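Sequential numbering of the sequence shown, starting at 298, is according to our numbering.
None of these hints come from the bench; they were simulated from the model. Model, not experiment: these values are computed from the prediction. No residue lacks a Cβ here, since even glycine has one placed at the ideal position from N, Cα and C. One thing to keep in mind: the hints can contain errors.
The list that follows gives simulated cross-link-like pairs (lysine-lysine, BS3-like), each with its CA atoms no further than 25 Å apart [stated by the list, open to error]: (1) K318 / K357; (2) K421 / K357; (3) K449 / K522; (4) K491 / K473; (5) K592 / K534; (6) K399 / K299; (7) K403 / K473.
Label pairs and their calculated CB-CB ranges [stated by the list, open to error]: (8) K399 / L431: 19 to 25 Å; (9) K596 / K566: 20 to 26 Å; (10) D430 / K399: 39 to 45 Å.
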Amino acid sequence: MKVLITGGAGFIGSNIASYLKQEGYDVIVFDSFERSIKNVKSVLKGIAIEKLDLRGDLRKIIKHARKSVIVHAAAYINAKESIKKPLEYLENNVASTVNLLKATSKIAEKIIYLSSAAVYGEPKHLPINEEHDLNPINPYGASKLSAEYWVKAYSNLYTVNYVILRLFNVYGEGQKGEYAGVISKFIEKARKRKPLIIYGDGLQTRDFVYVGDVAKAVELAIKTKNFNETYNIGFGKATTINQLAEIVMDAFGFYKKPIYMPERKGDIKHSQADILKAMKLLNYKPEVSLEEGIKKIIKV
Numbered sequence: 298m299k300v301l302i303t304g305g306a307g308f309i310g311s312n313i314a315s316y317l318k319q320e321g322y323d324v325i326v327f328d329s330f331e332r333s334i335k336n337v338k339s340v341l342k343g344i345a346i347e348k349l350d351l352r353g354d355l356r357k358i359i360k361h362a363r364k365s366v367i368v369h370a371a372a373y374i375n376a377k378e379s380i381k382k383p384l385e386y387l388e389n390n391v392a393s394t395v396n397l398l399k400a401t402s403k404i405a406e407k408i409i410y411l412s413s414a415a416v417y418g419e420p421k422h423l424p425i426n427e428e429h430d431l432n433p434i435n436p437y438g439a440s441k442l443s444a445e446y447w448v449k450a451y452s453n454l455y456t457v458n459y460v461i462l463r464l465f466n467v468y469g470e471g472q473k474g475e476y477a478g479v480i481s482k483f484i485e486k487a488r489k490r491k492p493l494i495i496y497g498d499g500l501q502t503r504d505f506v507y508v509g510d511v512a513k514a515v516e517l518a519i520k521t522k523n524f525n526e527t528y529n530i531g532f533g534k535a536t537t538i539n540q541l542a543e544i545v546m547d548a549f550g551f552y553k554k555p556i557y558m559p560e561r562k563g564d565i566k567h568s569q570a571d572i573l574k575a576m577k578l579l580n581y582k583p584e585v586s587l588e589e590g591i592k593k594i595i596k597v
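Please construct the entire structure, taking both the sequences and the accompanying hints into account.
Here is the structure:
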């Protein structure tokens, strides 16, 4: 089966591409390379790569799209940055999605849209299930929710089926740079034996899911007959940032008191995924614990 991956040179997209290639899929990666990971060509060795900006001419993707599955992973993903650059997030996360849907919805078989837990905003209850109110608190979350509605609208208009995966806090190998998550930033500090920086009191919780488990969830979404549905993809466990700091320092065998900074605007206090729907309908089962995942990153 042919699988086209937008944003396939990014952290999550490249891990999905590598995994699907290993599983025997015919994978083609499309990316603007604006925010690609380092050493992307070695990571994507043996995978066809096309340079493409989804905001522009999409003829490169159209010629491959017939009867294919499209995994739409391309997005700007930084909540803090989205507050400063809301129009860029609107253009890159929403307008580009609409352009992709317009170009491919009549010919592609299925689109798998990688959304975010940011669509929920501050949770009213934990764990968060897919029926939870949708109330994003920053432009990033708003852009991901808007794109979800566009995916559903085009599925209603045309023949393409969809699966929306709301990803919680994804971490793993290759997640570096300015827009990396808290785990990568903690590991970067710990490697240098420097104190970790925590924003707020560290009691805020997140649901961390290993990128390899996300890649497997995408394959399950490709195969599923339970399409035109939305699924949470997390580990299903809440971890405080203070606990995370201890896990990272334990993995390196050292301890320094973290530096606590003022909490950041646009950050939610708590998050935990209810993954029962994905477990039941997709047969999703996350396998890599936080401790195991951090050890995998450190070994690289």
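Okay, the hints, checked on the actual structure:
1. At roughly 20 Å between alpha-carbon atoms, K318 and K357 fall within 25 Å of each other, so this suggested pair holds.
2. Note on K421 and K357: the hinted pairing is violated, with a Cα-Cα distance of about 43 Å set against a maximum of 25 Å.
3. Distance check on the hinted pair: K449 and K522 sit about 17 Å apart at the alpha-carbon level, within 25 Å; holds.
4. Our distance criterion of 25 Å between C-alpha atoms is met by K491 and K473, whose separation comes to about 17 Å.
5. For the proposed pair K592 and K534, the alpha carbon gap of about 18 Å is at most 25 Å, so the pair holds.
6. Between K399 and K299 the CA atoms are separated by roughly 20 Å; this keeps the pair inside 25 Å, and the hint holds.
7. Proposed proximity of K403 and K473 is contradicted: the alpha carbons are some 37 Å apart, above 25 Å.
8. In this structure the supplied range 19 to 25 Å holds for K399 paired with L431, their Cβ-Cβ distance being about 24 Å.
9. The hint said 20 to 26 Å for the Cβ distance between K596 and K566, and at roughly 32 Å that hint is violated.
10. The supplied range of 39 to 45 Å is broken by D430 and K399, whose beta-carbon atoms lie about 30 Å from each other.
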